[in-house]
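**Student:** Listed here are the chains, written in short residue letters.
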Amino acid sequence: MLNLLKRLWLVMKSPSSAAMGFILILGFTGGIIFWGGFNMGMEATNSEEFCAGCHAPIVKEIKETIHYSNRSGVRAICSDCHVPHNWTDKIVRKVQASKELVAFAMGTISTQEKFEERRGYLANREWHRMKENDSQECRNCHEFDFMDFSEQGARSVKQHSTALASGEKTCVDCHKGIAHQLPNMEGIEGW
Amino acid sequence: MKKLLTAIIAAGIVALTASPVWSDGSDELVSNTGGVSSLRGLVEISDINKSEPMKRVPRDQQPIDRNYVQQPPLVPHTTRGYQVNLNANKCLSCHSFKNAGDMGATKISVTHFEARDGTTLSDVSPRRYFCLQCHVTQADAKPLVGNTFQPVDSLR
Chain A
1 MLNLLKRLWL VMKSPSSAAM GFILILGFTG GIIFWGGFNM GMEATNSEEF CAGCHAPIVK
61 EIKETIHYSN RSGVRAICSD CHVPHNWTDK IVRKVQASKE LVAFAMGTIS TQEKFEERRG
121 YLANREWHRM KENDSQECRN CHEFDFMDFS EQGARSVKQH STALASGEKT CVDCHKGIAH
181 QLPNMEGIEG W
Chain B
1 MKKLLTAIIA AGIVALTASP VWSDGSDELV SNTGGVSSLR GLVEISDINK SEPMKRVPRD
61 QQPIDRNYVQ QPPLVPHTTR GYQVNLNANK CLSCHSFKNA GDMGATKISV THFEARDGTT
121 LSDVSPRRYF CLQCHVTQAD AKPLVGNTFQ PVDSLR
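From first to last, the protein sequence lines stand for chains A and B. Residue 124 in the working numbering is what sits at position 124 of the first sequence, and the numbering runs on without skipping anything. Residue 141 in the working numbering is what sits at position 141 of the second sequence, and the numbering runs on without skipping anything.
In case anyone wonders, no lab produced these hints; they're calculated from the structure. Ideal placement from N, C-alpha and C gives every residue a C-beta, glycine not left out. Worth double-checking, as some hints may not be accurate.
Unchecked claim - Facing chain A, according to a computed beta carbon distance under 7 Å, are these residues of chain B, among others:
{"#": "1", "residue": "Asp-60"}
{"#": "2", "residue": "Gln-62"}
{"#": "3", "residue": "Ala-88"}
Said to hold, decoys possible - Once the Cα atoms are required to be at most 16 Å apart in a straight line, the calculated EDC-like pairs of lysine to aspartate or glutamate come out as:
{"#": "4", "chain 1": "B", "residue 1": "Lys-98", "chain 2": "A", "residue 2": "Glu-189"}
{"#": "5", "chain 1": "A", "residue 1": "Lys-158", "chain 2": "B", "residue 2": "Asp-117"}
{"#": "6", "chain 1": "B", "residue 1": "Lys-90", "chain 2": "A", "residue 2": "Glu-168"}
{"#": "7", "chain 1": "B", "residue 1": "Lys-98", "chain 2": "A", "residue 2": "Glu-186"}
{"#": "8", "chain 1": "A", "residue 1": "Lys-169", "chain 2": "B", "residue 2": "Asp-102"}
{"#": "9", "chain 1": "A", "residue 1": "Lys-131", "chain 2": "A", "residue 2": "Glu-189"}
{"#": "10", "chain 1": "A", "residue 1": "Lys-131", "chain 2": "A", "residue 2": "Glu-168"}
As the list claims (entries may be wrong) - Cβ pair distances, simulated, as ranges:
{"#": "11", "chain 1": "B", "residue 1": "Asp-102", "chain 2": "A", "residue 2": "Gly-30", "range": "43 to 53 Å"}
{"#": "12", "chain 1": "B", "residue 1": "Val-36", "chain 2": "A", "residue 2": "Glu-113", "range": "47 to 57 Å"}
{"#": "13", "chain 1": "B", "residue 1": "Leu-86", "chain 2": "A", "residue 2": "Phe-149", "range": "32 to 42 Å"}
{"#": "14", "chain 1": "A", "residue 1": "Phe-149", "chain 2": "B", "residue 2": "Leu-155", "range": "29 to 39 Å"}
{"#": "15", "chain 1": "A", "residue 1": "Glu-168", "chain 2": "B", "residue 2": "Gly-118", "range": "40 to 50 Å"}
{"#": "16", "chain 1": "B", "residue 1": "Leu-86", "chain 2": "A", "residue 2": "Ser-166", "range": "32 to 42 Å"}
{"#": "17", "chain 1": "B", "residue 1": "Leu-86", "chain 2": "A", "residue 2": "Lys-90", "range": "28 to 38 Å"}
{"#": "18", "chain 1": "A", "residue 1": "Glu-49", "chain 2": "B", "residue 2": "Thr-79", "range": "24 to 34 Å"}
Model the full structure from these sequences, guided by the hints.
**Tutor:** What follows is the structure in structure tokens.
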């Protein structure tokens, strides 16, 4: 075993007799295949079908909400809100999510009843995450700097121009359950 | 008596065989509404009439005056997507006694704490929990039928 490793190390260390161009082409194509494949894998785990694999009932719920059907036909899917868009945060979340595969294997939310029982926990975890990152995923589309208060309703302006503008509150503090059924809201701030 | 019966039957046969008055001269039966326009419009019973376009509820407007003393106040804003169920009551997140002050919303009336037997509960009575049963949003729609109702002077 040690000998094998030593020989491998020797091969890796010693200069190759292959042409520089060949090595470069090999490197480039290898890079494209691996990076492309990695990205494709990431994209595949961001699709609605992939989410629905475990969270089927919750994917159904969004269909009644404005993030699924609206006048202009813009749609947010699960990953738009639940997976950060910038690269580093996305990788961090993806690694955390690998832990959730255990829950899948154990069938933690495999039936509607189990899911309803756990809804409060799951929702609270997501609210907490969004509170911590200042509702980063909301702001990927709904940017405060570009909000036109003259187009908003009086009730919206009142909240947005005060608590949101000062940074005292973040989107998710008020906008809970905008794409899902709510869990039992007893004891939640503002309810 | 026999003559009278014969006359009635004869008249009946004549009436049945004669072309119907509403047939417009042709053999086919063209109308079964009798030319009467209902709330559905002047549409054959067998036809599916064109539905009205959906009315839009204004996003936000000033509180709407009541028309009679015990009228449940109308909702002057949209309620699309508001969840009112076992788990949550979106209306009460602004209109409850606890939140109304902060949100600048109208408080619900204390009568909503009363149970059926007249006892006052510590929170909204279950029978008053489903706000939209009585308080409804308003769209700018033409009344279906005429109405000459006038509010009493004290509400004007």
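**Student:** Which earlier hints turn out false for this structure, listed by number in ascending order?
**Tutor:** 2, 5, 6 and 11
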